[in-house]
Amino acid sequence: MRNPKNNKSRYQPPSVPFRVRVQKDWKHNKQVYLMLIPVVAYFIIFHYIPMAGVQIAFKNFSISKGIWGSPWVGLKHFRSYFNSYYFGRLIKNTTLLSALNILFGFPAPIILALMINEVRNNKFKRTVQTVTYLPHFISIVIVCALMRTFLSPRGLINQLMGTGIDFFNKEEWFRPLYILSGIWQEIGWGSIVYLSAITSIDESLYEAAEVDGAGRFTKLRYITLPGIATTISVMFILRVGRMMTVGADKVLLMYNESIYSTADIISTFVYRKGLLEMNYSYSAAVDLVNSVVNCVLLLGANKLSKKISGSGLW
Amino acid sequence: MKKKKITTFDVVNTIILILLMIVCLYPFIYVIFASFSDPWALSLHKGLLLKPLGFTLAGYRAVFENRSIWTGYGTTLFNLVIGTSINILLTLLAAYGISRNTLLKKPLTIMIVVTMFFTSGIIPRFLVVKSLGLYNTRMAMILPTAINVFNLIIMRTAMESVPKELEEAAVMDGASHFTILFKIFTPLIKSTIAVLVLYYGVAHWNQWYQALLYIQSRDKYPLQLVLREILIGSATEGMTSGAVDSLGESFMLGETIKYATIIVATVPILAIYPMLQKHFVKGVMVGAVKG
Numbered sequence: 001m002r003n004p005k006n007n008k009s010r011y012q013p014p015s016v017p018f019r020v021r022v023q024k025d026w027k028h029n030k031q032v033y034l035m036l037i038p039v040v041a042y043f044i045i046f047h048y049i050p051m052a053g054v055q056i057a058f059k060n061f062s063i064s065k066g067i068w069g070s071p072w073v074g075l076k077h078f079r080s081y082f083n084s085y086y087f088g089r090l091i092k093n094t095t096l097l098s099a100l101n102i103l104f105g106f107p108a109p110i111i112l113a114l115m116i117n118e119v120r121n122n123k124f125k126r127t128v129q130t131v132t133y134l135p136h137f138i139s140i141v142i143v144c145a146l147m148r149t150f151l152s153p154r155g156l157i158n159q160l161m162g163t164g165i166d167f168f169n170k171e172e173w174f175r176p177l178y179i180l181s182g183i184w185q186e187i188g189w190g191s192i193v194y195l196s197a198i199t200s201i202d203e204s205l206y207e208a209a210e211v212d213g214a215g216r217f218t219k220l221r222y223i224t225l226p227g228i229a230t231t232i233s234v235m236f237i238l239r240v241g242r243m244m245t246v247g248a249d250k251v252l253l254m255y256n257e258s259i260y261s262t263a264d265i266i267s268t269f270v271y272r273k274g275l276l277e278m279n280y281s282y283s284a285a286v287d288l289v290n291s292v293v294n295c296v297l298l299l300g301a302n303k304l305s306k307k308i309s310g311s312g313l314w
Numbered sequence: 001m002k003k004k005k006i007t008t009f010d011v012v013n014t015i016i017l018i019l020l021m022i023v024c025l026y027p028f029i030y031v032i033f034a035s036f037s038d039p040w041a042l043s044l045h046k047g048l049l050l051k052p053l054g055f056t057l058a059g060y061r062a063v064f065e066n067r068s069i070w071t072g073y074g075t076t077l078f079n080l081v082i083g084t085s086i087n088i089l090l091t092l093l094a095a096y097g098i099s100r101n102t103l104l105k106k107p108l109t110i111m112i113v114v115t116m117f118f119t120s121g122i123i124p125r126f127l128v129v130k131s132l133g134l135y136n137t138r139m140a141m142i143l144p145t146a147i148n149v150f151n152l153i154i155m156r157t158a159m160e161s162v163p164k165e166l167e168e169a170a171v172m173d174g175a176s177h178f179t180i181l182f183k184i185f186t187p188l189i190k191s192t193i194a195v196l197v198l199y200y201g202v203a204h205w206n207q208w209y210q211a212l213l214y215i216q217s218r219d220k221y222p223l224q225l226v227l228r229e230i231l232i233g234s235a236t237e238g239m240t241s242g243a244v245d246s247l248g249e250s251f252m253l254g255e256t257i258k259y260a261t262i263i264v265a266t267v268p269i270l271a272i273y274p275m276l277q278k279h280f281v282k283g284v285m286v287g288a289v290k291g
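Residue numbers (this note's numbering), protein chains in the order written: chain U, 1 to 314; chain X, 1 to 291.
It is possible that part of the hints are untrue.
As the list claims (entries may be wrong) - Distance ranges between label pairs, derived from CB positions: (1) Thr163(U) to Ser131(X): 45 to 55 Å; (2) Val267(X) to Arg120(U): 30 to 40 Å; (3) Pro52(X) to Val292(U): 53 to 63 Å; (4) Ala208(U) to Met116(X): 34 to 44 Å; (5) Gln216(X) to Asp202(U): 52 to 62 Å; (6) Glu160(X) to Ser62(U): 46 to 56 Å; (7) Tyr73(X) to Asn256(U): 24 to 34 Å; (8) Val171(X) to Ile91(U): 49 to 59 Å.
Stated by the list, open to error - One side of the interface only, derived from the structure: several residues of chain U facing chain X at Cβ under 10 Å: (9) His28; (10) Val32; (11) Tyr42; (12) Leu100; (13) Asn101; (14) Met115; (15) Phe124; (16) Thr130; (17) Ala145; (18) Arg148; (19) Pro153; (20) Arg154.
FYI, nobody ran anything at the bench for these hints, they're computed from the structure.
C-beta: ideal position from N, C-alpha, C; glycine also.
Looking at chain X on its own, in the form it has when it is part of the complex (with noise of 0.2 Å):
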């Protein structure tokens, strides 16, 4: 392609990109800053950061003292690896199933698109929980979301996708469903599963709302619900209690804590983001494909 002058209007998109990309940068910077920073100091500042205003490791400190952010990552742990692995599962079970010619392909599909159009709300569903012993189990954050209807039409559309040849020689050999849909489908298909894996973990990661309506021991709440706790009401009395003696210095390590929470809360994502960005645009693009 031939080379283009630069015109006013490059310029000003540059620059409204660049703003942009500030905006969405920058708190994190701040609060990154934030977190280190001396908590008498950065009471005192106004303004934007630039760098940590002195070095502490305070609120840290008390971060890593504080159990229930630890039992909130055993939780929200358990939850990825073994809810992922059923959601996986079952998506793709369920994918397999309703790909194939059988006589009860019309009905079941449309047994799962009416759940698309039609949800009973929270309380009928919450009741069923409860009915099931599952209310204040780790299995109540798995189970009522093991299929995400989207992600099963994403699984589906890979599926068909695969040559059809492929599973008339698998048949001709005598291979069953369960050596055709784990042996031969399943490897064809890894990147799109391992897009769903994506999307499955980062709802499992991100989820708080499922757990307040069905977990009740403290013990038991995801890393989300932890900081919810910590962030937006105001449980850092607690932590702060030993470090410090007089209210005002509590209320300022308070501050500090409260940075030092958000990092530690944040840094698994930043840190595995830049590698999975591109599975995750290519899901995007396997589910807009779809409608």
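Bound-form chain U, shown alone (with noise of 0.2 Å):
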């Protein structure tokens, strides 16, 4: 992870008057003024916009007036977010769902990395890699309706088991399924980033510790995961700060109003009461409140993986 910033070269130095280098930066550079009119335009109306439009959710919107028109009423909606139900119900299943996400998402390319790296035959491990990464590219829809297909009562997975188990309408099993499908899907994929950082390991250290007769094992805990740790410790920095943002997309494939008890989260929540219930205002304020928390982990996650390795989002 190199850092190539060191050649900022300043195009003009300070001690030139403000509206002299304004001239000369017009001179020279409007064509890219030119070329950044869209990109300023696309970044004002399909971001900063909205973001002024967050303030629905201090007022009762109403698609008649407007959002600049409908009247103000502070807190309101926040108060009756806080206040009801849903909200421990809510928390409580996008955190969870999220944590055990985590926890037995974030090891498993790692784990699949290694075993990987341990192969000697190159062809089988190529293959190994193009068969594990295929599943990423499986779309969601397609993903979820194999899983529904394979888990009907009468389903593959039931016949296999001589059960009848009705997955998709049992609480207790949407985590379950949940995490794991998203394991099939993305472990090859995710396992990409560690194997590159294997390879950048210097092959020297292995063979010095081949010669101090160090066995597999003894490699792996020395030189293998020390080597990679500081890639783990980044991504695994930045996976926790994406903790709250859990996408609908995936949730509403799969769940069904008796399994609300343990599906339904933020984003799913949000979708429904606002754009099915087109209660605007609502969802607006449920929604900014994950907004917040997400920027302040973002924010957080983004300092601490820049002082660990110098580079982070951004």
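Two chains, two frames, a set of hints: combine them into the complex.
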């Protein structure tokens, strides 16, 4: 992880008067600014105007009055969210799903990378990689459809076990299925980063260890793992930073009313309340709470990751 | 390197990896076999499928006769071609713009980075899309995600690796910024662009949630949203009506149709995947170097 930022050369020394600098800048860069018009327009329209639209969380939004014309109601929506029965359940479901997902999903690609690294036959190595990367490219709709097919009461899994469990209507099965299917889909793809970290470890370390008579596990423990420790910690920090960002899409494909008690998370709740029931202000408030928590987590994660490795999200 | 002897560890390791490969691949193999199987035989069968049970194309026939799958393919193809072009053009412009030493470099960069950390949530964005008149248009699936900031970082990193001398020489020759970007930079970073085409392309191929939010008419549904209706909801009833008469048979054919649908919707990815694999992997490396 090199940092190519040392050759930053100032275009103009700062002693030049501001007006002159602006003139020079315009003369040299007006085409750059022209190029940036659509880019800036995109960020303003689809990111900054919506940010201004967050104010509806403090208003009673009505379509006829619009975002700016609707009356202010202060923290009413936040209060009703924090006091509602859903608040505890949503926080619990979201954090638990995410935490368990990290607990089981995070180590899986690392273990796979270490296992692939131990394979000596290059052809077999490449085959394992090709095959395990594949599920990453299958759309989430198809993945959920496959799960529903194989896990239906009369589906393949039940046939093999001789049971008739209705997995998708059992609240206790939602989290295991969510996490396992995530591992299935991402284990191979996630291992790429660690494999590339392993290949950048100095080969002479291994040779020296072999001369000293180190076995496989000794080398794994004292060379490979320390060699990828930075990558692991950065990936872990960034993952935890995204902890409260659990997308609605996969859950929407997996849940139904009978398993809301474990499956309903913040993003699906916002989707239902906002876009199906059209409680725009209330669900914007719910979403805003989450965005703020996310932002704090991400900033913290970014700072920590920069401290450890010198590079973060940005 | 000297030959090492095969240990128990090697054997166990290999067996586990083979099992993992089976777990990754077998679902698709099962679905392929099931999609060609006789519906009746399939409904009586228990356990793994090691070959198709009988042979029928009834499932595929029903899928190919289903108009919504083809309109879905049409929309997805549109998003792929037009959407990815817009993505790449804007990402190129953005990456070039923020890698120049302009006076506004810093504020522009901050403006972009802020959007990585704070998002407004789906409701305000939905209202913006609606008020722009984009609701229920194909552009609603394309414009709101025109630039992905992670991809932008990858593109910027690639541009920074272009030797400064090339650009200086071009400036000496009086080249404009447009010439520098499209005639000098673009050919030099074409492998990165290829990676990003793949990333954006896969995102368009897989996307359904944005369509769920912004698209109302079924004839504008992208493929994945059509699939969701067929596979997750149970919309196969309509498809079977002409082909069979009794309810039980319709249910069984419905299962075969589901398998055939999965195959029809996955074949393009499965077909191009082996060719593209190394590019995808390269992209992850590029992203990982940046962190």
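- [ ] Would you pick out the hints that fail for this structure and give their numbers low to high?
- [x] Result: hints 12, 13, 19 break, sorted rising.
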